[in-house]
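Chain A is already provided as a structure; the job is to place chain B on it using the hints.
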Amino acid sequence: QKEVEQDPGPLSVPEGAIVSLNCTYSNSAFQYFMWYRQYSRKGPELLMYTYSSGNKEDGRFTAQVDKSSKYISLFIRDSQPSDSATYLCAMSVGGSSYKLIFGSGTRLLVRP
Amino acid sequence: DGGITQSPKYLFRKEGQNVTLSCEQNLNHDAMYWYRQDPGQGLRLIYYSQIVNDFQKGDIAEGYSVSREKKESFPLTVTSAQKNPTAFYLCASSDRLNEQFFGPGTRLTVL
Chain A
1 QKEVEQDPGP LSVPEGAIVS LNCTYSNSAF QYFMWYRQYS RKGPELLMYT YSSGNKEDGR
61 FTAQVDKSSK YISLFIRDSQ PSDSATYLCA MSVGGSSYKL IFGSGTRLLV RP
Chain B
1 DGGITQSPKY LFRKEGQNVT LSCEQNLNHD AMYWYRQDPG QGLRLIYYSQ IVNDFQKGDI
61 AEGYSVSREK KESFPLTVTS AQKNPTAFYL CASSDRLNEQ FFGPGTRLTV L
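Protein chains in written order, with our numbering: chain A, 1 to 112; chain B, 1 to 111.
None of these hints come from the bench; they were simulated from the model.
Be aware that a few hints might be false.
[What the hints assert, rightly or not] Straight-line C-alpha distance at most 27 angstroms; calculated DSSO-like pairs for lysine-lysine:
no.	chain 1	residue 1	chain 2	residue 2
1	A	K42	B	K71
2	B	K70	A	K42
3	B	K57	A	K2
4	A	K99	B	K71
5	A	K2	B	K83
6	B	K83	A	K99
7	B	K14	A	K42
8	B	K57	A	K42
9	A	K99	B	K9
10	A	K42	B	K83
11	B	K70	A	K99
12	A	K99	B	K57
13	A	K42	B	K9
Chain A with its partners taken away, still in its complex shape (with noise of 0.2 angstroms):
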């Protein structure tokens, strides 16, 4: 079993649609997570970052972390073409710990 499972999709939604990504994991010691937006063939670009659990909104995005439950949300309100991209989360233990455990991705397509 991955430590970070994420669907690959593709999702597909009009545009305009509330979006809503999730990953689920397996280590209850994380306390850092990541949202990160990658355009294809293009580095990741850091989204949302919010440690430990509750809610961070920044625009049109709200990042949600549920502890108890091992679960994160990346919701996108509005949703527009340019979201068009690849939807990859992220976690640390934090500490003295450097590593990242990545999702593997979630391919969202915005129709016009």
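Chain B only, in chain A's frame:
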């Protein structure tokens, strides 16, 4: 204009050849990382370095080598011992423990 640069963008390697991928950052970050990405898979850590002149193996270090002689630079050598080197290679850096920023990547293909 701060950021991470990787070169070349595309690289072709013949069987039995060593190749070196360049990674430079001007963000004044202490830590640097190398990842490998294969189609449909997440990023896997090859090597990382927290300070100059020190580096540690990641999860898939076999067939790779690195050096960290300068804070700004963290080159990766893919040796002939790496049996399946065709992949997308990503370099990252961070000044905090967990917030990593990535370069544009190098796509390596074995001919």
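Cross-check of the supplied hints:
Distance hint between A:K42 and B:K71 is fulfilled; the C-alpha atoms sit about 24 angstroms from each other, no more than 27 angstroms. Between B:K70 and A:K42 the CA atoms are separated by roughly 25 angstroms; this keeps the pair inside 27 angstroms, and the hint holds. Simply put, B:K57 and A:K2 have alpha-carbon atoms about 20 angstroms apart, close enough for the 27 angstroms limit, and the pair holds. Restraint check for A:K99 and B:K71: the C-alpha separation of about 19 angstroms stays at or below 27 angstroms, so the hint holds.
A hinted pair counts as satisfied when its Cα atoms are at most 27 angstroms apart, and A:K2 with B:K83 qualifies at roughly 24 angstroms. The hinted pair formed by B:K83 and A:K99 meets the criterion: a straight-line CA distance of about 25 angstroms does not exceed 27 angstroms. Using a Cα cut-off of 27 angstroms, the hinted pair B:K14 and A:K42 holds, with the two alpha carbons roughly 24 angstroms apart. Distance restraint check for B:K57 and A:K42: the Cα-Cα separation of roughly 25 angstroms lies within the 27 angstroms cut-off, and the hinted pair is therefore satisfied.
Restraint check: the Cα-Cα separation between A:K99 and B:K9 comes to about 25 angstroms, which is no more than 27 angstroms; the hinted pair holds. As the CA atoms of A:K42 and B:K83 are separated by approximately 25 angstroms, the hinted pair is consistent with the 27 angstroms bound. A C-alpha spacing of about 21 angstroms is found between B:K70 and A:K99, which places the hinted pair at or below 27 angstroms, so the restraint holds. Annotation: proposed proximity of A:K99 to B:K57 holds, straight-line Cα distance about 11 angstroms (limit 27 angstroms).
A hinted pair counts as satisfied when its Cα atoms are at most 27 angstroms apart, and A:K42 with B:K9 qualifies at roughly 10 angstroms.
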